[in-house]
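**Student:** Each chain, written out:
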Amino acid sequence: GESVGLHLPTLSVQEGDNSIINCAYSNSASDYFIWYKQESGKGPQFIIDIRSNMDKRQGQRVTVLLNKTVKHLSLQIAATQPGDSAVYFCAETPPDSWGKLQFGAGTQVVVTP
Amino acid sequence: KAGVTQTPRYLIKTRGQQVTLSCSPISGHRSVSWYQQTPGQGLQFLFEYFSETQRNKGNFPGRFSGRQFSNSRSEMNVSTLELGDSALYLCASSFSGGDGGQPQHFGDGTRLSIL
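Respectively, the protein sequence lines represent chains B and D.
Start counting at 1 in the first sequence, then tack on 2, and there's your number in this note's numbering.
Start counting at 1 in the second sequence, then tack on 308, and there's your number in this note's numbering.
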């Protein structure tokens with residue numbers, strides 16, 4: 003069904019540590035997944051994506067892992083910086099659904115000095 | 309390359325009025341999707357347009373409508389505004405809007421407040 007933002011979990015991370023943000027997706031037939039970062043007062047910003055034929059993809063300081071068996075995505079941020087403080091959303095593309103992203107509830111990441 | 313542009317950034321309306329929001333996609337992108345973001349419901353898909361045709365629609369009442377022009381710019385309209393329509397309305401564009409590994413890129417949204 004549609005994502006419901008009933009509760010926004012918070013992840014507190016110390017500057018310089020690695021962050022891991024988890025996401026459970028809903029449709030086992032989804033084959034494309036995206037992570038977005040949303041800062042206060044701005045729209046979601048693309049971070050990294052992954053197709054279902056991959057288990058892992060790396061970008062600059064970020065890695066996305068996909069576990070299709072348990073319908074789980076994770077985003078790893080290396081050496082977390084204060085500028086990484088934001089809400090992070092995972093999104094999936096349901097099959098045969100033009101232009102529709104189905105979003106998770108989001109995770110608030112707070113980086114402490 | 310310019311990003312997705314949404315206007316206006318902020319709007320205040322009263323119940324019963326109608327409103328039109330505008331979105332200019334990234335140059336070359338032909339698919340435009342609209343989303344509503346609220347604290348209680350999160351990000352929810354409204355509809356998607358490609359080549360001036362609505363290809364997909366979310367679970368919103370008919371008061372929510374949209375259109376796309378030949379230059380790919382899009383507008384959404386909400387009629388007979390209700391208090392519950394207060395939200396951040398986001399527009400996103402991509403090359404084709406399909407699941408072909410092309411991410412959607414978002415604008416910064418229009419914050420609509422209903423009094």
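The set of hints was computed from the structure by calculation and includes no laboratory data.
Watch out, some of these pointers could steer you wrong.
Quick list of in silico lysine to aspartate or glutamate cross-link-like pairs, EDC-like style, CA-CA up to 20 Å [as the list claims (entries may be wrong)]:
| no. | chain 1 | residue 1 | chain 2 | residue 2 |
| --- | --- | --- | --- | --- |
| 1 | B | 58 | B | 33 |
| 2 | B | 44 | D | 416 |
| 3 | B | 73 | B | 41 |
| 4 | D | 365 | B | 98 |
| 5 | B | 73 | B | 57 |
| 6 | B | 73 | B | 19 |
Keep in mind the model is a prediction, meaning the values are calculated, not measured.
**Student:** Compare the structure with the hints numbered earlier in the document and write down the numbers of the violated ones, lowest to highest.
**Tutor:** 3, 6
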